[in-house]
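Number of protein chains: 2
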Amino acid sequence: MGYTAIIGLYRNARLVQIYQSLKREIPTGYVRFRMMSHNDLSRFFEPEGVAVSGSMQARSGTAYGVMKNMLDFGFSGRIYPINPSCAEVLGLKVYPNIDEIDANIDLAIVIIPPTAVPEVIQRCAQKGVRAAIVISEGFAEASEEGGRLQSQLVDISRRSGIRILGPNTLGVLNTSNYLVTGPYLLGYNKLVKGSIGYCAQSGLLTFGTHPVRDRAYPISKICDFGNKSDVNEVDLLAYLADDPDTKVICMHLEDIKDGRSFMEMAARAVSRKPVLIFKPGRNEASARAAASHTGALAGNDEIHEDAFKQTGIIRLSSWQDFWEVPRVFASQPLPKGNRVAIVTATGGAGVILVDEAVRDGLVITEFKTETKSKLAELSPRFVNNPVDLGPILSVMDNPSSVYEEVIPLVLADENVDCAVIVVHGGLMIPIFSSLRSRISQLSKPVTVFCYGINLAEMEESARQLESLGFATYFDLETAVRALGVAAAYSRIKSGLQNPGYA
Amino acid sequence: MGYTAIIGLYRNARLVQIYQSLKREIPTGYVRFRMMSHNDLSRFFEPEGVAVSGSMQARSGTAYGVMKNMLDFGFSGRIYPINPSCAEVLGLKVYPNIDEIDANIDLAIVIIPPTAVPEVIQRCAQKGVRAAIVISEGFAEASEEGGRLQSQLVDISRRSGIRILGPNTLGVLNTSNYLVTGPYLLGYNKLVKGSIGYCAQSGLLTFGTHPVRDRAYPISKICDFGNKSDVNEVDLLAYLADDPDTKVICMHLEDIKDGRSFMEMAARAVSRKPVLIFKPGRNEASARAAASHTGALAGNDEIHEDAFKQTGIIRLSSWQDFWEVPRVFASQPLPKGNRVAIVTATGGAGVILVDEAVRDGLVITEFKTETKSKLAELSPRFVNNPVDLGPILSVMDNPSSVYEEVIPLVLADENVDCAVIVVHGGLMIPIFSSLRSRISQLSKPVTVFCYGINLAEMEESARQLESLGFATYFDLETAVRALGVAAAYSRIKSGLQNPGYA
Numbered sequence: 009m010g011y012t013a014i015i016g017l018y019r020n021a022r023l024v025q026i027y028q029s030l031k032r033e034i035p036t037g038y039v040r041f042r043m044m045s046h047n048d049l050s051r052f053f054e055p056e057g058v059a060v061s062g063s064m065q066a067r068s069g070t071a072y073g074v075m076k077n078m079l080d081f082g083f084s085g086r087i088y089p090i091n092p093s094c095a096e097v098l099g100l101k102v103y104p105n106i107d108e109i110d111a112n113i114d115l116a117i118v119i120i121p122p123t124a125v126p127e128v129i130q131r132c133a134q135k136g137v138r139a140a141i142v143i144s145e146g147f148a149e150a151s152e153e154g155g156r157l158q159s160q161l162v163d164i165s166r167r168s169g170i171r172i173l174g175p176n177t178l179g180v181l182n183t184s185n186y187l188v189t190g191p192y193l194l195g196y197n198k199l200v201k202g203s204i205g206y207c208a209q210s211g212l213l214t215f216g217t218h219p220v221r222d223r224a225y226p227i228s229k230i231c232d233f234g235n236k237s238d239v240n241e242v243d244l245l246a247y248l249a250d251d252p253d254t255k256v257i258c259m260h261l262e263d264i265k266d267g268r269s270f271m272e273m274a275a276r277a278v279s280r281k282p283v284l285i286f287k288p289g290r291n292e293a294s295a296r297a298a299a300s301h302t303g304a305l306a307g308n309d310e311i312h313e314d315a316f317k318q319t320g321i322i323r324l325s326s327w328q329d330f331w332e333v334p335r336v337f338a339s340q341p342l343p344k345g346n347r348v349a350i351v352t353a354t355g356g357a358g359v360i361l362v363d364e365a366v367r368d369g370l371v372i373t374e375f376k377t378e379t380k381s382k383l384a385e386l387s388p389r390f391v392n393n394p395v396d397l398g399p400i401l402s403v404m405d406n407p408s409s410v411y412e413e414v415i416p417l418v419l420a421d422e423n424v425d426c427a428v429i430v431v432h433g434g435l436m437i438p439i440f441s442s443l444r445s446r447i448s449q450l451s452k453p454v455t456v457f458c459y460g461i462n463l464a465e466m467e468e469s470a471r472q473l474e475s476l477g478f479a480t481y482f483d484l485e486t487a488v489r490a491l492g493v494a495a496a497y498s499r500i501k502s503g504l505q506n507p508g509y510a
Numbered sequence: 009m010g011y012t013a014i015i016g017l018y019r020n021a022r023l024v025q026i027y028q029s030l031k032r033e034i035p036t037g038y039v040r041f042r043m044m045s046h047n048d049l050s051r052f053f054e055p056e057g058v059a060v061s062g063s064m065q066a067r068s069g070t071a072y073g074v075m076k077n078m079l080d081f082g083f084s085g086r087i088y089p090i091n092p093s094c095a096e097v098l099g100l101k102v103y104p105n106i107d108e109i110d111a112n113i114d115l116a117i118v119i120i121p122p123t124a125v126p127e128v129i130q131r132c133a134q135k136g137v138r139a140a141i142v143i144s145e146g147f148a149e150a151s152e153e154g155g156r157l158q159s160q161l162v163d164i165s166r167r168s169g170i171r172i173l174g175p176n177t178l179g180v181l182n183t184s185n186y187l188v189t190g191p192y193l194l195g196y197n198k199l200v201k202g203s204i205g206y207c208a209q210s211g212l213l214t215f216g217t218h219p220v221r222d223r224a225y226p227i228s229k230i231c232d233f234g235n236k237s238d239v240n241e242v243d244l245l246a247y248l249a250d251d252p253d254t255k256v257i258c259m260h261l262e263d264i265k266d267g268r269s270f271m272e273m274a275a276r277a278v279s280r281k282p283v284l285i286f287k288p289g290r291n292e293a294s295a296r297a298a299a300s301h302t303g304a305l306a307g308n309d310e311i312h313e314d315a316f317k318q319t320g321i322i323r324l325s326s327w328q329d330f331w332e333v334p335r336v337f338a339s340q341p342l343p344k345g346n347r348v349a350i351v352t353a354t355g356g357a358g359v360i361l362v363d364e365a366v367r368d369g370l371v372i373t374e375f376k377t378e379t380k381s382k383l384a385e386l387s388p389r390f391v392n393n394p395v396d397l398g399p400i401l402s403v404m405d406n407p408s409s410v411y412e413e414v415i416p417l418v419l420a421d422e423n424v425d426c427a428v429i430v431v432h433g434g435l436m437i438p439i440f441s442s443l444r445s446r447i448s449q450l451s452k453p454v455t456v457f458c459y460g461i462n463l464a465e466m467e468e469s470a471r472q473l474e475s476l477g478f479a480t481y482f483d484l485e486t487a488v489r490a491l492g493v494a495a496a497y498s499r500i501k502s503g504l505q506n507p508g509y510a
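Protein chains in written order, with the working numbering: chain A, 9 to 510; chain B, 9 to 510.
To be clear, the hints were calculated from the coordinates, so they are not data collected in a lab.
Among the hints, erroneous ones may be present.
A pair counts as met if it fits within one copy or between any two copies, since identical chains are not told apart.
Stated by the list, open to error - Only pairs whose alpha carbons sit at most 35 Å apart, straight line, appear in this in silico DSBU-like list of lysine-lysine:
(1) K198 <-> K265
(2) K380 <-> K76
(3) K281 <-> K501
(4) K198 <-> K380
(5) K281 <-> K317
(6) K265 <-> K380
(7) K265 <-> K376
(8) K265 <-> K317
(9) K382 <-> K201
(10) K201 <-> K376
(11) K76 <-> K101
(12) K135 <-> K380
(13) K376 <-> K198
(14) K135 <-> K501
Using the sequences plus the hints, can you model the full thing?
Rendered as structure tokens:
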């Protein structure tokens, strides 16, 4: 964390103290100021020294679990276990409390009974720790008593300047330094470094409950907001907008704490990178369910819809889209327009993709005359979009050569902004190695729908395709919907750059 | 095939000959008559003797491939390979042509160059074979010349009464007798017997291109329509409506050959079992793509929409729904109404499920007072729907006991017609063995959304849950959407049974 940011935090804390002493509401100016100190969260994601308080019992769901995961991932920083009744764990010296640690602690991770949390956080703040993740549950989400404990945490944060993520969170994950703070044993090591920043208001949409490694999501950072007692979506938008490792922000939200700050920060983030938001609570019943889950009011959905449109946020509408759509931004260039080409191994897939593409605002382009004549040399049936390779594939000795010829031809067409390719996982993967460089020269996004009869083989193929730089999907329509979202962001971005034009 | 059906087939052929000799259009009465001989397709799905013509080269995509798959699956009938230049294959005697086979042949499977097909089918018809699957490609879907060859096949069928599935098809699959006719090597053996009848107008939506074994689809029959030169959706509706092994018909269509017959047969099928149809071609572009794929006009989508509504067909809207939604009918009883209960391990999933449930026409039920008090004994936080077990699960030594207590309690509530359960794949599977009998007594449908961090473990859990009789999903919203479709069919069915009431 830079010098300015530390001053910023100090000032925030002082300002809050002043306002509190005057018994006045903290003005929005404070929020705006905090937004400006955009390195606020660097200690959460890029700590050097991390203290972990809690049970050292060798099982899932404990402080031990947190550290085991960190070690398995190969976290590059220092780890300091804290527990009064233990001397050593996982080859690390255990300290009775934070004061005994004779080193700089950037981040404290706490997974202890809720009633004990405020005191521990207070001691962290006194020690000079500026960031804490409270994994423990049993706060505002659980009971009135828990709500009071959570208020104490907020008070400590405001008084001391220590920032708190949670409580009731799995914390964060960072593929740059292999930091992971979830307590449930993951059983695998480091993830592939990528550029999607995922944030969610529920553990269900983070790393603890999804096959993020097996499905090769190209992740930069993950954050579980938990109860959002302090750190919330505005902070994450600020941090991820500036994070050079993050190319796309994908956020699940059940409520928005401060609409005005959110909109300001969202607009700033959207000018830099796509911001995709999956926000359920569209109807009264789900808004009520959200309220009982997080204790916050979800608000009128039309207001959210308007706010998203105004700021250029793109709204996703399903759990699957939350995970899958951002892939296209992580590995692909932005399309210059919305004209899509479809290259398929089965006519049936072509029809379904066209249906979905039109629904997503894409145009089924017509190829230029030159392209058509070149395609016609390969087969007179290839001139239309979708290009259905199926009938030719089945009668060729070397079907992969058709893919290798058709895909670059189609992508080079000036009438084509982006393409989706339907391919059998397993059989056709080798051609993508050779296609890769020819495609990347053209700077147009390509998604791949991968099908097959054997799950393990398909999953392995998808991982290979992802590592070759293709955005790869197992769901047919999602492969083209992702391109629709990419084209939508491209339009939003050029509207921002040419306000008169849009 | 029964005696009546044989007479029926004979009469059809005679009738067609008479009409053709008079050079008059075949009247709809013919079609209706054919519809009545509902056992028409039994030779395709339940043959005793099967002849397979084509290349005996030991590779995928040949007649060899067809027979290898049949043997791997353990087909219970007799197999007769036909090839003039080969004596034995896969331990079976090879015959030079069909006339040399001194046994009854119910079904001929043909995978030879298109120009040779008409003659072979003619010989089959002369030999008395009443059903043929033409797997070969290169007919109407490929060229004008192919179209002429296809017309010849139709002529032979009309003159002789031999029914033809295809050309350009992977044929059929039947889990009762382990018949499978696709030529591409599947590399696995028999599937679990189930009760979904899948039919599709594209290989993409059948057994040759989807992990039907790994994802444990409970299948009774599969049929790829191919070019629909003869056998089409009306025949399949007729056959599957009567098939005792099929509880739900799930059909992908790009066009409908004969609207009137289709509607009559659909209405008859819907009165017996749910008919789900996935029909792309909603917009002009995709209708055009469908036309170029199958050579048939997709027609105005509003007409289809109306026809589906009138007959009680339920329209599915995605490739994923095509595969996943019918699970609920295969293993679950029909719900008596549309009031859903949600039992979840994460509050976030609960909110998303409520959102989707309302969209699907389900009602988030309120539990009865007795249920609430019993739930409150377990935790005061359990009284609302969704029941979020998350906060309790994480602090319990034996979290599975909560599932075991809450699920039967909730399902027994008179205000609950159906339920969706969110569960970690792997950890909680054992409890479902003990829950199974308690749940089945209540005769209410239950779907399970299975999450986790390890794909292989999740897939194994899903297979276990399916084998225990639970409809299991990896996609969150689909788990509740399937219940919405089940409730919709339940309403349609009671409307048919009580026409005044609906």
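Hint check:
Taking the closest pair of Cα atoms, K198 and K265 come within 35 Å of each other only inside a single copy of the chain (33 Å); across copies the shortest separation is 54 Å, beyond that limit. Within a single copy, K380 and K76 get their C-alpha atoms no closer than 58 Å, and across copies no closer than 40 Å, so neither meets the 35 Å cut-off. Within a single copy, K281 and K501 get their C-alpha atoms as close as 9 Å, which meets the 35 Å cut-off; across copies the closest is 50 Å, which misses it. For the homomeric pair K198 and K380, neither the shortest alpha-carbon distance inside one copy (46 Å) nor that between copies (45 Å) is at most 35 Å.
In the homo-oligomer, the alpha carbons of K281 and K317 lie at most 35 Å apart inside one protomer (15 Å), although the nearest pairing across protomers, at 44 Å, exceeds that limit. Taking the closest pair of Cα atoms, K265 and K380 come within 35 Å of each other only across two copies (31 Å); inside a single copy the shortest separation is 54 Å, beyond that limit. When the C-alpha separation of K265 and K376 is checked against a cutoff of 35 Å, the pair qualifies only between copies, where the shortest distance is 34 Å, while the shortest distance within a copy is 50 Å. Taking identical chains as interchangeable, the C-alpha atoms of K265 and K317 lie at most 35 Å apart only when both belong to the same chain, with a minimum of 18 Å there against 44 Å between chains.
Taking the closest pair of Cα atoms, K382 and K201 never come within 35 Å of each other, the shortest separation being 39 Å inside a single copy and 48 Å across copies. Taking the closest pair of Cα atoms, K201 and K376 never come within 35 Å of each other, the shortest separation being 39 Å inside a single copy and 50 Å across copies. In the homo-oligomer, the alpha carbons of K76 and K101 lie at most 35 Å apart inside one protomer (14 Å), although the nearest pairing across protomers, at 62 Å, exceeds that limit. In this assembly of identical chains, the alpha carbons of K135 and K380 never lie at most 35 Å apart, being 70 Å within a copy and 47 Å across copies at closest.
Neither within a single protomer nor between protomers do K376 and K198 lie at most 35 Å apart by alpha-carbon distance, with minima of 46 Å and 48 Å respectively. In this homomeric assembly, K135 and K501 never come within 35 Å of each other (Cα to Cα): the closest approach is 45 Å inside a single copy and 69 Å across copies.
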